[in-house]
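Engineer: Chain by chain, the residues run as shown.
2 protein chains.
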Amino acid sequence: MNTEILAVGTELLLGDIVNTNAQYLAREMAAMGFSVLHQSVVGDNPGRLKEAVEMALSRSDILITTGGLGPTDDDITRETIAEVLGLELELDNEALKSVEEYFKRTGRVMSEVNKKQVMLPHGCYVLKNDWGTAPGCIVEKDGKTVIMLPGPPREMKPLFEKRAKPYLEKYCDGVIKSVTLREFGIPESKVQEMLSDLMQGANPTLAPYAKSGEVLLRVTARAENAEKALEMCRPLVEEVKKRLGDSIYGENVSSLEEVVVRKLQEKHLKVSFAESCTGGYVAKRLTDIPGSSEVFECGVVTYANRIKHQLIGVKNETLAEYGAVSSQTAEQMSKGVRELSGADIGVGITGIAGPGGGTPKKPVGLVYISVCDSEHCYTKRFILGHGSSEGEREHIRYLAASNALDMVRRLIDGLPIE
Amino acid sequence: MNTEILAVGTELLLGDIVNTNAQYLAREMAAMGFSVLHQSVVGDNPGRLKEAVEMALSRSDILITTGGLGPTDDDITRETIAEVLGLELELDNEALKSVEEYFKRTGRVMSEVNKKQVMLPHGCYVLKNDWGTAPGCIVEKDGKTVIMLPGPPREMKPLFEKRAKPYLEKYCDGVIKSVTLREFGIPESKVQEMLSDLMQGANPTLAPYAKSGEVLLRVTARAENAEKALEMCRPLVEEVKKRLGDSIYGENVSSLEEVVVRKLQEKHLKVSFAESCTGGYVAKRLTDIPGSSEVFECGVVTYANRIKHQLIGVKNETLAEYGAVSSQTAEQMSKGVRELSGADIGVGITGIAGPGGGTPKKPVGLVYISVCDSEHCYTKRFILGHGSSEGEREHIRYLAASNALDMVRRLIDGLPIE
Chain A
1 MNTEILAVGT ELLLGDIVNT NAQYLAREMA AMGFSVLHQS VVGDNPGRLK
51 EAVEMALSRS DILITTGGLG PTDDDITRET IAEVLGLELE LDNEALKSVE
101 EYFKRTGRVM SEVNKKQVML PHGCYVLKND WGTAPGCIVE KDGKTVIMLP
151 GPPREMKPLF EKRAKPYLEK YCDGVIKSVT LREFGIPESK VQEMLSDLMQ
201 GANPTLAPYA KSGEVLLRVT ARAENAEKAL EMCRPLVEEV KKRLGDSIYG
251 ENVSSLEEVV VRKLQEKHLK VSFAESCTGG YVAKRLTDIP GSSEVFECGV
301 VTYANRIKHQ LIGVKNETLA EYGAVSSQTA EQMSKGVREL SGADIGVGIT
351 GIAGPGGGTP KKPVGLVYIS VCDSEHCYTK RFILGHGSSE GEREHIRYLA
401 ASNALDMVRR LIDGLPIE
Chain B
1 MNTEILAVGT ELLLGDIVNT NAQYLAREMA AMGFSVLHQS VVGDNPGRLK
51 EAVEMALSRS DILITTGGLG PTDDDITRET IAEVLGLELE LDNEALKSVE
101 EYFKRTGRVM SEVNKKQVML PHGCYVLKND WGTAPGCIVE KDGKTVIMLP
151 GPPREMKPLF EKRAKPYLEK YCDGVIKSVT LREFGIPESK VQEMLSDLMQ
201 GANPTLAPYA KSGEVLLRVT ARAENAEKAL EMCRPLVEEV KKRLGDSIYG
251 ENVSSLEEVV VRKLQEKHLK VSFAESCTGG YVAKRLTDIP GSSEVFECGV
301 VTYANRIKHQ LIGVKNETLA EYGAVSSQTA EQMSKGVREL SGADIGVGIT
351 GIAGPGGGTP KKPVGLVYIS VCDSEHCYTK RFILGHGSSE GEREHIRYLA
401 ASNALDMVRR LIDGLPIE
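Going line by line, the protein sequences match chains A and B.
Residues in the first sequence are numbered consecutively from 1, following full-length UniProt numbering.
Residues in the second sequence are numbered consecutively from 1, following full-length UniProt numbering.
Just so you know, nobody snuck in bad clues.
A pair holds if it fits inside one copy or across any two, identical chains being indistinguishable in the list.
Subject to a maximum C-alpha distance of 30 Å in a straight line, what follows is the list of computed DSS-like cross-link-like pairs (lysine-lysine): (1) K165 with K211; (2) K211 with K263; (3) K335 with K270; (4) K141 with K157; (5) K162 with K211; (6) K116 with K211; (7) K190 with K242; (8) K128 with K177; (9) K104 with K190; (10) K211 with K157; (11) K190 with K211; (12) K144 with K50; (13) K270 with K315; (14) K104 with K211; (15) K116 with K190.
Simulated from the structure, these hints should not be mistaken for lab results.
Just so it is clear, the structure is predicted and the values come from calculations on it, not from any experiment.
Sequences are here, hints too, so could you generate the full structure?
Structural biologist: Now the structure itself:
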């Protein structure tokens with residue numbers, strides 16, 4: 001069934017926010033086997049919204065809208081869609097009760113205008129919103145299905161996942177299942193080359209997605225049930241793993257930091273970081289993961305040389321002779337923070353994130369990372385970044401943090417750190 | 001002039017990537033005074049692309065496309081638009097030379113398929129691409145303007161900024177200028193209420209955008225030149241500032257962390273952080289800002305109680321009697337890290353970011369933040385989060401970091417920290 005995603009909101013047309021909702025819904029719908037053929041955005045303008053809805057209903061089976069369900073005069077999605085479909089809006093008592101409960105639960109006072117949000121098209125299926133005040137709804141008429149979701153992603157996502165998705169399942173013929181593999185260390189173009197013959201299949205399919213120095217590889221199959229679909233994925237998953245080897249860091253995992261936390265938990269190991277150019281980014285990413293407190297002892301952000309010396313014992317002579325950005329300093333940082341904290345693994349990161357501070361000998365993007373445990377110490381030199389000025393500092397810092405996490409993963413698993 | 005942005009790419013319809021190009025172009029075009037009334041996305045499908053182009057040309061004066069300019073068979077934007085406009089594609093020798101140079105410069109070999117990229121519509125204005133291989137172009141016909149840009153943001157942005165924008169200036173009648181104010185501390189709904197009468201104007205306009213606990217307020221005016229437009233903004237800017245008082249943290253600034261770094265630089269002050277629940281997030285955000293090394297002494301992430309005691313001298317009795325998440329611990333953290341580092345300002349943050357670890361007395365979202373200098377120490381208690389499970393840990397950590405940065409700002413400026 002052909003699907004169309006329509007976002008309603010002048011803030012999108014003005015470029016004030018990015019339409020991440022469209023991506024989320026497109027991916028979710030594709031994974032369920034629906035073809036998304038159009039995405040569009042219109043503002044809070046009744047005439048143009050009406051045209052867009054009519055157009056969508058003329059060419060698609062399912063229309064999903066996001067936004068325009070709020071309580072203000074600018075919120076016109078409900079009214080406009082009801083008008084196009086020739087339906088009356090009615091106060092939905094169930095929805096009203098649930099909004100009242102939401103206000104009570106969050107300790108806020110419900111105002112009269114919020115009642116507008118529970119005026120829903122006659123005969124619709126209400127999507128109860130436990131994450132905000134605007135309920136969504138699904139309307140079916142003349143063989144078309146319209147799903148209205150609120151705009152804020154924090155409400156839209158759970159509302160889709162928990163309420164709309166189960167409803168849509170009746171339209172799915174067969175089940176689509178995916179296995180994702182995540183790879184770090186081999187450049188995207190090389191991965192493409194190594195796997196190009198595997199990307200020709202129709203069921204299962206293999207698709208690569210590069211992002212921030214990593215490649216996500218998704219193997220997808222369609223079958224009569226979930227078990228069978230996953231079974232069909234298996235041989236392709238194994239072949240990809242075989243070809244890419246230990247640069248595959250996980251299957252169905254969300255991130256390098258998640259994998260590092262889980263591995264540390266399994267082996268009852270603790271880690272500590274001494275960060276210079278990443279300025280706390282590694283600690284931040286590790287502690288994004290719930291449960292990281294079990295494995296994370298201590299992080300120090302030693303921006304100043306004095307602190308590098310005083311806190312984690314980097315020798316003043318080393319700083320003077322080799323500089324703060326050197327393999328020698330990185331090594332002393334990893335050993336120093338390990339000793340200071342009593343952790344099993346110490347990590348030291350020092351480099352030049354830019355935009356200033358680079359020299360011909362030590363350019364922006366130069367980063368040294370050192371990891372050590374009681375027996376080994378590995379220190380690597382990197383030149384990071386893509387050489388453009390756009391977002392370069394963030395990119396270098398992110399890649400440095402990723403490489404540090406990957407070196408910890410390799411140390412834990414006894415994999416080569418060359 | 002009405003503008004429409006059309007992105008071409010199946011990867012967008014599958015939700016593999018987010019359409020950040022649309023946001024960038026929408027913002028740029030709006031700032032130049034063009035009305036963007038539609039954004040849409042279609043896949044690499046000739047029939048649907050043709051329909052989308054025809055539709056756009058029927059309702060808009062300017063069509064900007066992104067994507068589909070590459071060398072493969074999937075790249076069909078040039079052909080399709082030329083067909084709709086009734087123009088022939090021709091090999092453009094200038095463009096060919098420039099692509100050849102690009103390959104030489106980046107040390108790569110140009111293949112025969114790359115020649116496809118320089119087949120451009122007859123009579124077009126070529127947008128030379130110094131950042132990649134696919135040139136863009138502008139075609140004018142029958143009063144309509146079509147601008148074709150490549151898909152990768154790293155090429156699209158400079159190509160638009162440096163090549164297409166100067167071309168478009170001939171269409172601008174008058175100039176649009178904006179002043180942005182950023183506010184932290186007053187909830188969005190309250191800000192709306194306090195400013196609602198000011199949001200009715202047409203020129204200048206005032207528009208609020210809420211994001212992650214902050215409100216961005218944009219004042220925009222159109223006039224014959226930039227100076228006059230900014231002058232027209234001024235009274236409204238001042239009125240907003242008067243009403244929201246010291247919760248306005250900056251004018252035309254990008255973030256709280258940027259303001260804090262600039263204020264510290266101006267006053268030659270240094271800051272240090274002791275973070276528990278934020279796990280390095282405050283240090284990370286501060287060091288996102290180039291130049292932060294001048295003002296940032298040292299950060300410690302003291303996840304474990306032992307480290308809180310050993311490294312920054314939080315008393316074991318305090319931890320035992322009041323717990324790690326308490327105003328007493330926060331205060332000793334801020335004082336301890338200030339002493340350890342010798343910084344002018346110390347900050348301590350301790351709390352429960354969840355999802356686990358909460359109790360009825362100390363729920364998830366409870367955070368204590370303490371800031372101190374040589375004379376004062378202020379400690380505040382917060383209950384953060386929006387009460388949903390989606391993204392809650394990230395949200396709590398982000399808000400805790402924002403509040404810490406805001407308390408530092410207030411301490412520097414001698415503003416009340418109640």
